[in-house]
Amino acid sequence: MTPDQQREIQKRQRSRSIVMALVLGALAVLIFAVALSKIANGTMH
Amino acid sequence: MALEGETGPNAVPMPADWRDFIALTKPRVMTLVVFTGLCGLLVAPGHLPFVLAFTAILCIALGAGAAGALNQWYEVDRDARMKRTAQRPLPAGRMDRQSALHFGVGLAVFSVLLMGLATNWFAAAILAVSILFYVFVYTIWLKPRTAQNIVIGGAAGAFPPLIGWAAVTGNVAPLPIALFALIFFWTPPHFWSLALFVRTDYANAGIPMLPVVAGEVPTRRQILLYTAIMAVAALAPVLLSLTGLVYGLTALVATGVFAAMALQVALRRESDPARMGPEKRLFKFSVLYLFLLFGAVVADHWIKLI
Chain A
1 MTPDQQREIQ
11 KRQRSRSIVM
21 ALVLGALAVL
31 IFAVALSKIA
41 NGTMH
Chain B
1 MALEGETGPN
11 AVPMPADWRD
21 FIALTKPRVM
31 TLVVFTGLCG
41 LLVAPGHLPF
51 VLAFTAILCI
61 ALGAGAAGAL
71 NQWYEVDRDA
81 RMKRTAQRPL
91 PAGRMDRQSA
101 LHFGVGLAVF
111 SVLLMGLATN
121 WFAAAILAVS
131 ILFYVFVYTI
141 WLKPRTAQNI
151 VIGGAAGAFP
161 PLIGWAAVTG
171 NVAPLPIALF
181 ALIFFWTPPH
191 FWSLALFVRT
201 DYANAGIPML
211 PVVAGEVPTR
221 RQILLYTAIM
231 AVAALAPVLL
241 SLTGLVYGLT
251 ALVATGVFAA
261 MALQVALRRE
271 SDPARMGPEK
281 RLFKFSVLYL
291 FLLFGAVVAD
301 HWIKLI
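Chains as they are written, first to last, in my numbering: chain A, 1 to 45; chain B, 1 to 306.
Next up, chain B with everything else stripped away, as it sits in the complex:
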């Protein structure tokens, strides 16, 4: 692509820097994906040798990276119109689209094959479904068409604990399904709290996020509604005796804090992004919340083993 800062007919094509390929994988999003996948793997019954467990987590990370790369390949025009994403390698002109496509497809195929060879083909199949779901169902189909994009699309981010579990056991069970449900119902309040304070960005890019299409008040109500459903999903593992007291107490306290913050957001009427402190706090806390709950599932499992 063109040398940074240079555009126009005289721009010299430049090979993308290797760091741009890393940026294409959305490393920050990957952190949560890897963590939830690792937790699914750690709480699964049975034993997976360290090398194979490491490879399984690596495959989940590579699969997520591939999905992120293909998402950026497809969304280059939309990303260019959003302040939050305009500096990504493709819209900033530091990489050509074909490189991103080849990188994404190559990484996706490699991660699925390696997962199948190192662990089992059931885990590899779920990994393949999660990548395809994120790219085709979420990015290409739902995201540009409906305000419910992240409700259904949230499933893509909910697969990692299932994959981690399946890598060890070769099947799925009620606990990883409950963890899938937790992430699935956590996604709407997480993304809509973000969408509230970057609404203009989404509107400029033509993405029909709920605050853009339905307005802020319905979005605030929906955040509260989905928080209530998420609370049920968060407490389900302990109510169904799938986890123990450590998880139960952590889920109770953390979900209480989450619900209080969501209630505050639901009751506010503020449209200036600069004054959306509670919305930004809810968004940040929602990330911590998922780390806390998944960490508690693992802690619970280890305590049971002692």
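Chain A with its partners taken away, still in its complex shape:
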């Protein structure tokens, strides 16, 4: 593997990790908001 290829792999892994972290964070916030909304509307079963 050439240094260029190694750099490209690391770059992709880093950007994927950042996107994954952002998506998971957004989902955690969304699911919390869904739970709050259902509790507030008395539809939590």
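A portion of the hints provided could be inaccurate.
As the list claims (entries may be wrong) - Only part of the chain A face toward chain B is listed, based on derived beta-carbon distances under 10 Å: (1) Glu8; (2) Gln13; (3) Ser15; (4) Leu30; (5) Leu36; (6) Ala40.
Because the hints were derived from the structure by calculation, they are not lab data.
The C-beta atom is built at its ideal place from N, Cα and C for all residues, glycine as well.
Put chain B on the given structure of chain A with help from the hints.
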């Protein structure tokens, strides 16, 4: 997968870029799915808190994305043979098939579970059926076998207004069923007008689209026939008093334009894709048509509320 541009035994496996996962979900197709789902949700009687409504639309988008990803996972060999799809992440070699499969299945399961938890399990069940229908009935069963693939398979794309409605009400009613019928009968003229000018691509990929199997003239006739049925479906909501005047006028004018364009396509005898201007215009207008009609359903609903 291999570094872009590199193939052969010395190619270094590369992790797919995150943008390739986005491309796997067919974002352009998703736009129409989200819009029709949103319209179904907006015209449904009852109230869904904003967060839950947003989540319902997100689930429809994720479900559509999952179906798109699984479609591309299954069709990688066919996509590689078509100019229109050869640059997708899988045929271009930017992603391995297993990643696409895991991504698609994961997204499908997640979207259905979240829909069920956020809204109701009836909406989640319709979402699950729409994903399964698109993957198993359309992609795997019908598409490679019959020229009627998009006629029956069109049902997969017609589910979103039902899902949006069901997310609010927990049931279905005549209006979302009429909207389902509209998309269902809109699909054949939409896809066959495209198939007319990318016929060679479909033929190369071995997909038995109507222009490949039956030829151009029967396809042009079928476009006109299905446009007539679609016109009935488009006017049905107003004739059945499910919608009002705004929708009625919009449907009348837009369907008139659609029918005129379909008639022009039906009467033409042109096999050179480079000279298929009316066919390309019909394809583009058909997308606008659906946006217009669904927008009018919502406008009608809001006017009634004022």
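How the hints compare with the structure:
For Glu8/A, the interface hint holds, the least distance from its beta-carbon to any beta-carbon of chain B being 7 Å, beneath 10 Å. For Gln13/A, the shortest C-beta to C-beta distance to chain B is roughly 6 Å, which falls under 10 Å, so the interface hint holds. At about 6 Å, the closest approach between the beta carbon of Ser15/A and any beta carbon in chain B falls short of 10 Å, and the interface hint on this residue holds. A least Cβ separation of about 6 Å between Leu30/A and chain B falls short of the 10 Å threshold, and the interface hint therefore holds.
For Leu36/A, the suggested interface contact is upheld, since its CB lies about 8 Å from the closest CB of chain B, less than 10 Å. Here the hint on Ala40/A is kept, as its CB sits about 8 Å from the closest CB of chain B, short of 10 Å.
Checked against the numbered hints above, the structure violates none of them.
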